[in-house]
Amino acid sequence: MESRLLKPILAVYVGLFLLFLYGPFIVLGILSFQQGPEGGPQFPIQEWSVFWYKHILGLAPPSRVSPLPIGISLTRSLTLAGMTMVTSTVLGVMAAQAFRRNFKGKSAAFYLIVLGMIVPGVLVGLGSALVATTTGLERHWYSTAFATHVVYTLPFAFLVMLAIFNRFDASVEEAAWSLGVPPATTFRKVTFPLIFPGVLSAMLFAFTLSYDEFSRTLFSSGREQTLPLAIYSTFAVEIHPNVFAFGVLTTLFSFALLTVYAILMTLSVRRAKRVAIQEAV
Amino acid sequence: MTATEIIVEAADATPPRSTRSVGAYLLIAPAIVWMTLFLVVPMAMIVYVSFWTQTTFKIEPKLTLDSWQTFFSSSTYISSLWTTVRIWLTVLAMTFLVGYPTALFVGLFVKNKTLQTTLLVLCVIPFWTSFLIRVLAWRPMLGKEGAINILLMKAGIIQQPIEALLFTDLSVVIGMTQIYVVFMVGPIAFMLGRIDPNILEAARDLGAGFWRILRKIIFPLSLPGVVVGAIFVSVMVLGEFATSAALSGRKVNLLGNIIVTQVGSLKWALASVVGVILTFIMGVVIAGLLRIVDLKKEL
Amino acid sequence: MRAHVAEGSVLRLEQLTKRFGDRAALDKISFSVNSGEYVSLLGPSGSGKTVLLRAIAGFEAPEEGRVSIVGEDVTRKPPHLRGIGFVFQNFALFPHLSVFDNVAFGLRNGGDKRTESDTRRRTLEMLDLVGLNGLETRGVHQISGGQKQRVALARTLVIKPKLVLLDEPLGALDANLRMRMRVELRRIRERLGIPFLHVTGSESEALAMGDRLIVLDRGAISQFGPPGEVYEHPANPNVAKFLNCYNVFDGSVQGDAFVTNHGPIPLARRVASSTPAYAVRYDRLTTRADAGAGLSAAYIASEYLGSAIMHFFETPDGKVVELEHHLSNGPPDAYEAGRTYRLSWRPEDGIAFV
Ligand SMILES: Nc1ncnc2c1ncn2[C@@H]1O[C@H](COP(=O)(O)OP(=O)(O)OP(=O)(O)O)[C@@H](O)[C@H]1O
Ligand SMILES: [Mg+2]
Chain F
496 MESRLLKPIL AVYVGLFLLF LYGPFIVLGI LSFQQGPEGG PQFPIQEWSV
546 FWYKHILGLA PPSRVSPLPI GISLTRSLTL AGMTMVTSTV LGVMAAQAFR
596 RNFKGKSAAF YLIVLGMIVP GVLVGLGSAL VATTTGLERH WYSTAFATHV
646 VYTLPFAFLV MLAIFNRFDA SVEEAAWSLG VPPATTFRKV TFPLIFPGVL
696 SAMLFAFTLS YDEFSRTLFS SGREQTLPLA IYSTFAVEIH PNVFAFGVLT
746 TLFSFALLTV YAILMTLSVR RAKRVAIQEA V
Chain D
59 MTATEIIVEA ADATPPRSTR SVGAYLLIAP AIVWMTLFLV VPMAMIVYVS
109 FWTQTTFKIE PKLTLDSWQT FFSSSTYISS LWTTVRIWLT VLAMTFLVGY
159 PTALFVGLFV KNKTLQTTLL VLCVIPFWTS FLIRVLAWRP MLGKEGAINI
209 LLMKAGIIQQ PIEALLFTDL SVVIGMTQIY VVFMVGPIAF MLGRIDPNIL
259 EAARDLGAGF WRILRKIIFP LSLPGVVVGA IFVSVMVLGE FATSAALSGR
309 KVNLLGNIIV TQVGSLKWAL ASVVGVILTF IMGVVIAGLL RIVDLKKEL
Chain E
1347 MRAHVAEGSV LRLEQLTKRF GDRAALDKIS FSVNSGEYVS LLGPSGSGKT
1397 VLLRAIAGFE APEEGRVSIV GEDVTRKPPH LRGIGFVFQN FALFPHLSVF
1447 DNVAFGLRNG GDKRTESDTR RRTLEMLDLV GLNGLETRGV HQISGGQKQR
1497 VALARTLVIK PKLVLLDEPL GALDANLRMR MRVELRRIRE RLGIPFLHVT
1547 GSESEALAMG DRLIVLDRGA ISQFGPPGEV YEHPANPNVA KFLNCYNVFD
1597 GSVQGDAFVT NHGPIPLARR VASSTPAYAV RYDRLTTRAD AGAGLSAAYI
1647 ASEYLGSAIM HFFETPDGKV VELEHHLSNG PPDAYEAGRT YRLSWRPEDG
1697 IAFV
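Chains as they are written, first to last, in my numbering: chain F, 496 to 776; chain D, 59 to 357; chain E, 1347 to 1700.
Okay, chain F solo, but in the shape it has when bound:
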């Protein structure tokens, strides 16, 4: 049988595929330990060193390589991602909650929201920059850029919550109402704790998408750069291994975030297990 041979071949192929996905990172990781400040962003490694990490953190002696403007732009990016996360999660949960009922224009509303993740960032950025310039509004990362970020992350939060509510057994809410508990309290005490894992995922989505977003930000954030914009500006000039060291650090940061998410998720998994067992009965 041909397929008996096919499976190992495909397995090897998938191995190569993963190498293709990860190869650049590995190279990037290695080169981030290049000697500094003379060592360039290429092989061979002249001497292993952590110079570029020190350079990032501002601990290296001044050299011809100017430091990345990380401190302030990192703060901006984190603040922006936090704002975007909260706003899009709140709006997403509300919209998904509305979608549990039938109303006129429901499918139009669905397409309008989902459009936000389909339209390319350059266009959304360009459009909001146009609106801002023609109306004389100043562009800032915390105003115009924030608005476009939410346009991008809200659909993700919305879809995650829609999926969660799809599997949600509404009779526990009805049970609460029939016990004389008002809808708002019911939402706080029953619905929210039960959809919390979904909310957490929506938040994670929104935060990371916003934190990494730059094509929308490029036109809509004005002069003050966010972190991705600071990296993007290095595209134009000669790159140094400090960018690589920075890449390693942001990757570590992302994984730290992922770990926090995993921990929070495990904590609420016990609850989810209870639900599962109750449903199975």
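Rather than coming from a laboratory, the hints here were simulated on the basis of the structure.
It is possible that part of the hints are untrue.
As the list claims (entries may be wrong) - Below, a list of computed lysine to aspartate or glutamate pairs in the EDC-like style, where the Cα atoms sit at most 16 Å apart:
1) E:1423 x F:669
2) F:684 x E:1447
3) E:1374 x E:1409
4) E:1374 x E:1563
5) E:1506 x E:1536
6) E:1508 x E:1530
Dock chains D and E with the ligands against the given chain F, drawing on the hints supplied.
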């Protein structure tokens, strides 16, 4: 009961219904308002401004076709239009060719659920690093003194480093394929995972060879996944500008790059023209892809 | 239980109508439940039992008609202001809360503010009443089906609702447990005197528990009365059919007899009905002597039901006829598979719907 009584009662009984949909409207309103103000209005603005009059650094709401004429009479812009289409089609084909075997393995050949999930997670992990860093990571990979050239020379396969690897169409295609291939693998693997193994057994029992089964059964069943993946990849590649900026040394100018440079020199009207053209292409591509399969029915 | 029936109705429905699209799931339902009364609701699947309860509780908005609780029109009130308890078939316990917190939930978060010590006292009392002491700190996934049922009941009863709606509360339990819970349910309710409107899929449950029985058919009430009366005098062939204790034959009246495919049957009791049919209870049939009315059918099989045994026969044209033999009337007869017997009953035991 008289007719009037019935009417009055019916009217009385309606409020619970309408209060409920009022509640739904209140809940959905913020999202709708936000999307309208910050997505629909800006998009409409792009179309509108594309007909405005451009002076050196300003735009005026005097309607004109000047910018459109500028675009279509400039060989630079027209050629960037074709570059965009060419790069898009190449990347689309590459993500499919590179991704399909992986999806085939993950979705069809791996029976163990844990291994399946692990492989998918491995594909997704790179998304947890910055998009721009992922693009930049290709530079030390592909350069003249890059990892690939060094490896090939050490292995004795080549004597001279291949210079065509970086700052060409090729490097842009390689970079984009690596970044976007996962969007192709995911949906296809999902569709393949739903194939009933009994169908394949039956076909094998009838003596069909693997290639025949692949062509006649597996591929048609995975087609909705291919279409979804193609939509993802198309939308993202068509709106690209960063990968081409970083990996082509400004030699590959996509429509996205044109927009960026025009905005940089405050040529808003021309940028808007390019924006409208990009939106149009994207609409056509999505509509065309959706014609291949009826997704609502298949998913 | 008739002693509990006091003056004044707790629940009153007038012309209640609920449509889904242009199909009426409830069609002009009117009835009332008196204070302290236990009303069972019986009907075939899809007859609108759940929709009726949900409309009363306020989860579903009716298009027409009125729902009144203790004289007050609540048709337009949201569920949490109606003071009606609801026990769900799947229990719908709060999965993230312990047994105690489930029961205390309504007291803590409901309209009236009360002290935590009062809440504790009432919750513990209620847990005691339903026999759940010692399980307070368990998660609701750590208890059995019957215990979940008790939690669901306790949670509802502890806030002293004016009326409790139960939608097949025993449906998720196994047969054995169902019997025990049936007794429990009745005991608990008698202690509290709260009126119950209980949807049940089981006719024996309806017979055993209700002061009155409502039979629902395609969104309309077919019959409403004391269970014994409904059983003895079904109002139409449909009611007879799903009471699940009547053989119902098609046919028509010709002179003094009801003529079926299986031969004519002498007429005694007549009930006016839109469709003609003839009904006779399973336990009125005998093969021992000719009692006056009867037909011939071949024996197929038997089934033990504990206190009774069901014998199944089939007429030549394929109609299954059931004969119920109560074991208190002596040992069952032995039948030979495939052999034809004469099944007979006294003419006055049959009902002719004409
Ligand atoms: N949300 C709904 N939308 C449309 N039709 C509905 C809805 N809920 C119920 N129905 C219809 O109304 C009718 C009555 O349903 P209901 O659930 O009350 O039946 P039931 O008597 O409770 O049956 P069962 O014994 O199977 O639970 C059915 O035909 C059902 O299909
Ligand atoms: Mg029901």
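The hints, checked one at a time:
This hinted pair checks out: residue 1423 (chain E) and residue 669 (chain F) have alpha carbons roughly 14 Å apart, not beyond 16 Å. With a CA separation close to 11 Å, the supplied pair residue 684 (chain F) and residue 1447 (chain E) stays within the 16 Å bound. Restraint check for residue 1374 (chain E) and residue 1409 (chain E): the C-alpha separation of about 10 Å stays at or below 16 Å, so the hint holds. A threshold of 16 Å between alpha carbons decides the hint, and for residue 1374 (chain E) with residue 1563 (chain E) the separation of about 12 Å falls inside it, so the pair holds.
Taking the CA atoms of residue 1506 (chain E) and residue 1536 (chain E), the gap is near 13 Å; set against the 16 Å cutoff, the hint holds. Pair hint residue 1508 (chain E) plus residue 1530 (chain E) does not hold up; C-alpha atoms about 20 Å apart against a cutoff of 16 Å.
Hint 6 from the list above is the single one not met by this structure.
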